[in-house]
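Below, each chain spelled out in residue letters.
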Amino acid sequence: MAVVDERFMDLNMGPQHPSTHGVLRLLIKTDGEVVSRVTPYIGYLHRALEKIAERLTYPQFTPFTDRLDYLASMNCNLAYALTVEKLLNIEIPRRAQILRVIMAELNRISSHLIAFGSLSSDMGAFTPFLFGIREREFINDLFEMVCGARLTYNYIRIGGVAQDIPDGFIDKTKEFLDYFPPKIKEYNDLLSYNAIFIKRLANIAVISPEDALDYGVTGPNLRASGIKWDLRREEPYLMYNELDFDIPVGRGEMGRVGDAWDRYMMRIYEMEQSAKIVRQCIDMFQQGDHIAKVPKVLKVPAGEVYVRAENPRGELGFYLISDGSTKPYRLKIRAPSFANLSIVPKLSGGVMIADLVAIIGSLDIILPEIDR
Amino acid sequence: MIELINNIIGNIHSSTPMIRWLVYVMVIVISSVIVLSFALLYEGFATYAERKVAGDIQARIGPNRVGPYGLLQFVADGVKLLLKEDIIPFYADKWLFIIAPYIVFTASFAAFVPLSYSDHVYVANMNVGVLYIIAVSSVVSMAILMGAWGSNNKWSLFGGMRAVAQIVSYEIPIILSLLAAIIIPSSLDMKDIILYQSGGLGIFRWIIFNNPFTLLAFFIYFTAAIAEVNRTPFDIPEAESELVAGYHTEYTGMRFAFFFMAEYGDMFIVSAIAATLFFGGWQIPFINGVAMPLWLRETLQVVVFLTKIFVLIYVMMWIRWTLPRLRVDQLMELCWKYLTPIAFFDLIGASVWVLLFNGKGVYDILSALFVH
Amino acid sequence: MDAKQIYQTLSEKFTGRIKQFQENTHPASVVVESDAIVDICSFLKRETELEFTSMISLSGVDLKDQGKMLVIYHLGSIRHKHKIALKVELDRNNPHVPTVEKVWPGANWYEREAYDLYGIVFDNHSDLRRILLPDDWEGWPMRKDYVYPKRYHTWDV
Amino acid sequence: MTENSKGYFKKMLDAVKSVFTGLGVTIGYGVSPGREVTQQYPEVKREPYDRFRGKLFVDINICTGCTACARICPVDAIVLKTVRDENKKLRPVVFDIDNARCIYCGLCVEACPVDNCLYFRKEYEFSSYSKDELISHFGLGELPQPDKPAADRPSPDMPAQAGPAKDQPVQGKTDETRKEEGK
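Chains as they are written, first to last, in the numbering used here: chain A, 1 to 372; chain B, 1001 to 1372; chain C, 2001 to 2157; chain D, 3001 to 3183.
FYI, nobody ran anything at the bench for these hints, they're computed from the structure.
Among the clues, some could well be false.
Pairwise CB distance ranges, derived in the manner of DEER restraints [said to hold, decoys possible]:
| # | chain 1 | residue 1 | chain 2 | residue 2 | range |
| --- | --- | --- | --- | --- | --- |
| 1 | C | Trp2155 | A | Asp164 | 19 to 27 angstroms |
| 2 | C | Glu2023 | D | Glu3133 | 25 to 33 angstroms |
| 3 | D | Glu3133 | C | Gly2067 | 47 to 55 angstroms |
| 4 | A | Tyr179 | D | Phe3020 | 20 to 28 angstroms |
Keep in mind it's a predicted model, so treat the numbers as computed, not measured.
Just so you know, even glycine gets a beta-carbon here, dropped at the ideal spot from N, CA and C.
With the sequences and hints as input, model every part of the structure.
Below you can see the structure in the form of structure tokens.
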């Protein structure tokens, strides 16, 4: 019989719990409201995607990358396509690159809208969540117009994009870009600068730059800790180096740099930047074919490559070893939420249970890409 | 009501004590049935109104399926809850678990009694009305703890502890702010308080306009009242996103309905007290002087009283769908560091004002200046 | 600094324990001795002009036909923006490698995942348990010769 | 007024101000009627866009039985059995699409060499109580033996949505009528 530490009560938050953003179980040792130690248990959503990848040909695996981070499946398709193209080293037509950037950035906005909404409903304000969903429906309509699906798009393929955009797409996107910015101002009035919201998030779970790098935290969470590292700027892929957008970095407006409020605010600023990017891409539009010539039976030359892209939740990397056949020999998926979640035990010594919900919400983790 | 009983008993005074006792009980039963049906009907419509207001604020339609415009939605909910399986957890403390919802409901229903709905329509004209309501509503916290402890569930235990801490500590600001309002009419009887506020076009003699201190007292009272009723931003005992469902996690079916209805009953009581004490109860504004038949005046008074209450209830619902939730220690901090000290100074200020102007409000002083 | 110079500084510092430099992989990779991995990693992290502050990812690879098990550490530097891959070759039947958890605490979960899917044991790891699969699962699923179990407790797979 | 007491009131003032700005936003919605974005689903049905990937449909008469779709499908949701008929052409005897297994990725539609043979329809309301109801059978059935007509399996294929997609014969046909046309 294990020695039962009777000072602390074991409390299971999850795997079925309203605010664990998916099937995650947190075993909390607490003596009341204050949490002393948290051990996350993951693996409830393990589908062995890496094993499946070894059984499927390269084009067949693209729909599975949708299911990695289903709130940002365009970005996941993009990272996978970039990996395989790196080994094939084929030239992507410019129109396909522009389309890819537009889709990736629109998906970043819709993913951040869910992050914003779920954190606000974790904090008790349900209305901003529905406002976020309302804006996200607009983007879902755009994606449905382009590729027919509203969540798992399978649109960005190896060599370019599946189909060219229908003619009504550009005007509808412009309509969205005019409609969206005042909504962000509405969120800020309603939630971001609300005293209770600030009190709940300021100075909570401060991640220092050293800890962030030690635990491999990436994306908005890393930038909130004051480190200006965005792969779209540091390792430009597609045509991000030609685009003008700035990288929001945590300045500790409401508390210390790197607290939960900063992480939340990164996403609000990033939504504005993404809208700016999409507007520039629409202006740079040009004719051209939407996909490079890729043989139907795709044999990728032997080699090893690690390619990473800036997903809304962080750096999604694919480490691909190919042996020249039509199926990858080994495909390691480096998921951003896996590293982001691994810092939770370190952050949660001495916080309250309500803060634990704030930590999980501000890290914006998503379970399918953790368990793969 | 007592006059009613006296004159009934009066004209059968020659009868034996047995008959007199029987009539007394019969009248009590009838009056309680009337008030209970009013309370249940109100609570039904309140749940419907809450969902309609929430829908309205969140750009949704809200219930409109059951009955015209969805008005019979609460009947459907009630039937559904009746038919739901009534689960009592295995290791639950059976009697505590069963009794708790009834006590919560009776406590909140008992507070309907001292209210005076109009000149002659009231249940019991207690001369300790306000004190009785405060006493009865503090039974609620004990009942919630019984329910939470009885259901033998870690989450409901958290909810119960938080509920007790919150309700008990928020009674201090409520009592202090009510005191600041009561020293003006210097009577605890609801009817006298309302009669004091008559005259002056039915509005200017409201206690809230009496002096600046009572104005502040209303806002303290209203905030503390929202906390007393466990509604956002103070709905920590049943914080869905943290504690799954707080103290009523294990309750199903009709038992849960009792907790649910008690919450709306409390909302009614709290806004009824605010309406009576600060907004001149059933004083008909503007056309009070016009002679009109008794029954029309009574109904008009009841209508005015209920609209004031429903306006306050709408404000509570509006606040619920806007603000996030406080953390437990921030809630306590708000109570002890902000509300209570300010309520104390406010009480001192109000009593000094009464001393200086021996009870006359701003309106009386000004009208006294201009009249002669 | 590009990968070649990193390889030079490493081979000077740890003569003999650096096996091979592979140019054709992207990012370039350096094959090292398994027991030298901890010193190399802490050196790479401490050294100012290298400063590999973050371990991007750690992946296990099963080279069944060569009878080897690989552990690949992808390291990146924020300041210098360069990347390197460290490779460690292990015997397939008894893969053992010391943990780098002390250098980058983030490696803890990656190593548990490599253990869970490949059976690679990381010596003196703080709590080497399965991370994705249930604790009582037999076999290492990502190995090439993994046989699917017919039943797991009451369900048939 | 000492320093922290000034902070005391300032903090309270900020809190009240921010609460009221938030309330201002929501009352904007509360007061102005008619800003609903939700629709009454069964009465008002949103028309999906043209490229909507709803339920798969196969025009079996022009299907050459090349099994390109079955091979490309990542989850093997398409079961296709062909048999050589009298004039050496491949006849798709069994062509089952398991809608419960299909992930609607669209790889098969792109792999199909014949135009308008395999395509998505705008139909998304085909939930059912049993899984085998979700398997839509498009097969042409066994070769008709000269003496007895082939026992044709009933096709529980759900009648398609009103709007005909592409040049699609009138919906609601069962396999028999489709077969007559094929002859």
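Outcome of the hint check:
1. A beta carbon spacing of about 46 angstroms between Trp2155 (chain C) and Asp164 (chain A) contradicts the range 19 to 27 angstroms that was offered as a hint.
2. In this structure, Glu2023 (chain C) and Glu3133 (chain D) break the distance hint of 25 to 33 angstroms, their C-beta atoms being roughly 58 angstroms apart.
3. For the pair Glu3133 (chain D) and Gly2067 (chain C), the beta carbons lie near 51 angstroms from each other, so the given range of 47 to 55 angstroms is met.
4. For Tyr179 (chain A) and Phe3020 (chain D), the hinted distance range of 20 to 28 angstroms is satisfied, since their beta carbons lie about 26 angstroms from each other.
Going through the hint list in order, the structure does not satisfy hints 1, 2.
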